[in-house]
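Taking the hints into account, I'd like the entire structure generated from these sequences.
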Amino acid sequence: MYGDCYPDMETYLFYILAAVAVIGTILAITEKHPVHAIVYLVSSFFSLATIFFLLAAPLIAMFEVIIYAGAVMVLFMFVIMMLDLGRTDEAGRPVLKQWLLPILLGGIILASIGVIAAGYASAPSAPGAITVRDFALTLFRKYGVAVEIISMQLLFAVVGALYLGRRRTP
Amino acid sequence: MIVPLAHVLVLAAILFGLGLVCTLVWRSNVIMLLIGIEIMLNAAMLVFVGGSNHWGAADGQVFALVIMAMTSAEVSLALALVVYLHRRKNTVDVDEFRELRD
Chain E
1 MYGDCYPDME
11 TYLFYILAAV
21 AVIGTILAIT
31 EKHPVHAIVY
41 LVSSFFSLAT
51 IFFLLAAPLI
61 AMFEVIIYAG
71 AVMVLFMFVI
81 MMLDLGRTDE
91 AGRPVLKQWL
101 LPILLGGIIL
111 ASIGVIAAGY
121 ASAPSAPGAI
131 TVRDFALTLF
141 RKYGVAVEII
151 SMQLLFAVVG
161 ALYLGRRRTP
Chain R
1 MIVPLAHVLV
11 LAAILFGLGL
21 VCTLVWRSNV
31 IMLLIGIEIM
41 LNAAMLVFVG
51 GSNHWGAADG
61 QVFALVIMAM
71 TSAEVSLALA
81 LVVYLHRRKN
91 TVDVDEFREL
101 RD
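Residue numbers (the working numbering), protein chains in the order written: chain E, 1 to 170; chain R, 1 to 102.
No lab work stands behind these hints: they were computed from the structure. Careful, some of the hints might be misleading.
[To be verified] Below are the DSS-like pairs computed for lysine-lysine, each with C-alpha atoms no more than 30 Å apart in a straight line:
#, chain 1, residue 1, chain 2, residue 2
1, R, Lys89, E, Lys32
2, E, Lys32, E, Lys97
3, R, Lys89, E, Lys142
Since the structure is predicted, the reported quantities are computational estimates derived from the model, not experimental observations.
So, in C-alpha cells, the structure goes:
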C-alpha cells in the first residue's frame, strides 16, 4: 500500500512503537497505583494495536482497541473502583528483594530467545497481503467450529461470573 | 514484511518476559497479577500476527482473535473471583488465601 513510496517509514514506525509498548509496560508493572498502571497499559496496548496494523492485520488492531484497551481494561478499572483498591497509602509496592529473582528468570528467558534470534535465518516471506476477505473465509470456513466453541465458552464464563458474583444470604 | 520476523519475535519475547516478571513479583495484589497474564497473552498474539504476516496465511490472525475471546472470558471469571475473595477476606493479597476452605 503506502510501503511502496516510503519503504523506510513503516519500519521506523515499528521500532518507535515497539519502544513505546515496552516502556509503557515497564511503567505499568512498576507503578504502585493500580489505576495508573491500567492507564499505562492502555497506552501500551494502543501502540501494540498500531503494530498489528503495520503487520497487515487491521481487524486484529481494531479488536485490540475495542476489546483489550476498551472492554477488558475498563472491567479492571471497574473492579479497582468497586473494591476501593485505588488508595495509594496502603498499596505496597514489592520490595527490591522480591524483584531480583523474577528479573533473573525473565532475563534468562530473554537472553536465550535473543541468542536464538541472533542466529536465526528466517524462511523467505510469502508474497501477497492478507485481506479481510481471506481472514473471514479462514475464520468461518476453516475454523467454523472454533467460533461455536468460543461462543459456548463465553456463555459459560457469563454463567460462572454470575454464580461467583451473587450475594450469598447466610 | 516491513521488519524481519526475528525483530517481531524479540519484541514479543520482551513483552512476555515483562508479563512474567509482573506475575511473579506482584503477589501483594491479585489485580496486578492478572495484568501480567494479560501482557503475556498480548505477546502471544503478537507472535501469531507476526507469523501470519510473514507466511501470508490468515490462520495466525484467526488464532489471535480466538486468544482475545478466550482472554475476555478469562478476565470476567477472574475478576468475579477477585470480587468474591475480597468480599470474603477483605484483601487482595495472594498470600492471605492459603486455605482451601474457611
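Which numbered hints fail: 3
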